[in-house]
Amino acid sequence: MRVLVVEDERKLAQVLVSGLEAEHYDVVAAATGEDGFFRASSEVFDLLVLDIMLPGRSGLEILKALRHRRIDTPVLILTARDGIDDRVLGLDLGADDYLVKPFALPELLARIRALLRRGRPSEAFRLKAADLELDIVARRASRGERLLDLTAREFELLEYLLRHQGHLVSREMLAREVWKEPRRATPIDNVIDVQMARLRKKVDAETGPRLIHTVRGVGFVLREGEP
Amino acid sequence: MRRWARASIRFRLTAWYTAALALMLVVYAGATFIAVRHEFNERLEEEEQEHATGREAENPEARLRQQLGEILTVMVLGLPPIVVLAGAGGYLLARRALAPIDQVAADARRITADRLHQRLSVPNQHDEIGRLAAVINDTFARLESSFEQLRRFTADASHELRTPLAVIRGTGEVALRESRSPAEYRETIGSMLEEVDRLTSLVETLLRLSYGDAGTVRLSRERLDLGQLTREVAGSLAVLAEDRNQRLHLDAPDGIGVVADRLILREALRNIVDNAIKYSADGATIGVRAASDTGGATVTVVDQGPGIAPEHRERIFDRFYRIDEGRSRDEGGAGLGLAIAKWAVEANGGRITVDAGDRGGAIFRIVLPAGPPAARVDFEKESVDA
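Residue numbers (this note's numbering), protein chains in the order written: chain H, 6 to 232; chain B, -3 to 382.
Honestly, the hints are just simulated from the structure, not real lab data. Please read all numbers here as calculations on a predicted model, not as lab measurements. Glycine is no exception: its CB is placed at the ideal position from the N, C-alpha and C atoms. Possibly wrong hints are sitting among the right ones.
Stated by the list, open to error - Far from chain B, by Cβ distances over 10 Å, these chain H residues were calculated: (1) 18; (2) 178; (3) 182; (4) 200.
To be verified - Think about it this way: if two alpha-carbon atoms lie no more than 25 Å apart in a straight line, the pair counts; the simulated DSS-like pairs of lysine-lysine are: (5) H/206 to B/274; (6) B/274 to H/185; (7) H/106 to H/16; (8) H/69 to H/106; (9) H/185 to H/206; (10) H/133 to H/206.
Produce the complete structure using the sequences and hints provided.
This is the structure:
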């Protein structure tokens, strides 16, 4: 999978490149709007990560020009402004998703996975990790022979973790996706932490290897073995 | 005399001018009268002389005309000095009455941002200028308190922003002093990231408040059920109460209609309920009640915390205001929760107040204008999903 990152802030570009490379993407970086547009229109990429505020040519202009040329590579825009106008404008111009800076890398990676997966059926009805099984339709969770008695929220939380199995999940992602809380200003981190502790007690307490791990300062990950 | 001083400038100006005009009219009339009398006397003397000498007047009509002409001349000549005098008097009066305005203007010019504690001198607090000066002084007082608030806010904000920065820096510097195991590095980086999280959410909150101040937040108001929203918030925070063996007593029936921005109002409710849980002791009971009455729709949150002393109640909603200065960041947060709640409630046209509870805790009360009963949105949702 080839990804083009158009970002002028050198350090941030570096972080994006190494973060994506660690996930085995083939990454190309462009530091200016002109370079980004040139590459995006002359080479083939599976995805574009586009900063909006670029010297020379703004991200929105690039996006507009690309869509005008009927290049419909999925585009994820990065913006420092969270005014609604920017977002709407970006999405209207044909962006597929957006993230507001400062964003968490796990979240960017999750968004990119979702964009690349788009169009392919991915909604599994049964999710598995080691001997943990989740039946989405019957809303049943079991660990080996043991049936887990989960509340609705715990079930959603576990489902989200399983869908991102092996990948880091930030509290912000959980707040937005599981608690449907789009604002970052009202942290519900304490709620998430308490809920997660309870879920972990039910899932990991008795048998088998530990599945839910906390990564300090980042979030959580569900995987077999150590994170 | 005292009544005179209390009179308005309008009245005083009119009275002064009337008196001056009356005086001048008397002078004018007097002068005219003297002139006429003088002519009459002359005429009488001439007639007597004629009578004595036996000579008949040659042309009595012409002489009468001449004398009338003389009177007219006196009157016409007297007019300009009187007009000039009246004008000068009026000018002097107006200048005297309006002089305080120049004084007020000069005073006001002296008061700058860093001298906001100064006030205008009020020459006479009962007349128009006195009232104007009082209003301006009032404005200065409010400006001063806004400036003071802003100054405090900036100081608090930079303190709150600097603390995590200092922690990040210190943690990094200490970690780099000697080489450590990968696990230790992970701990260090994790701890730094936690501070980054804190910093991010702080900046986010401040931005939201400043958008609120600037009035650039667009509300998407909808009809919603306050009872339902209250249950939703209490439900999502219930785990926190359970975790501390607290009882969350919830009384929020359906059918309390309000028109509000759901997300913003939810933020206010969450902050209040979260505080109630945070400040109540383990095992306490927290009451959350939604109701509607004639005054509007209300949500009341009763906690069993330490309560809020009367002197703090005014300022508890101020940004960064903490009752207990010594409270650590981990327990107390940055002190913006209630500021956000207040903003969120007021943006939705409501009010938020705090009172003392019967048994020591605090009672937070949110009052929103009553709206029509919430629309049934379930149908809409279904059609979207399908």
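Comparing the hints with the structure gives:
1. 18: Holds, since 19 Å exceeds 10 Å.
2. 178: holds (13 Å)
3. 182: holds (14 Å)
4. 200: violated (5 Å)
5. H/206 to B/274: holds (23 Å)
6. B/274 to H/185: Status holds; Cα separation ~22 Å.
7. H/106 to H/16: Since the Cα atoms of residue 106 of chain H and residue 16 of chain H sit roughly 14 Å apart, the hinted pair holds (cutoff 25 Å).
8. H/69 to H/106: Holds. Residue 69 of chain H to residue 106 of chain H sits at ~21 Å (cutoff 25 Å).
9. H/185 to H/206: The hint holds at about 24 Å.
10. H/133 to H/206: holds (18 Å)
Of the numbered hints listed earlier, the single one contradicted by the structure is hint 4.
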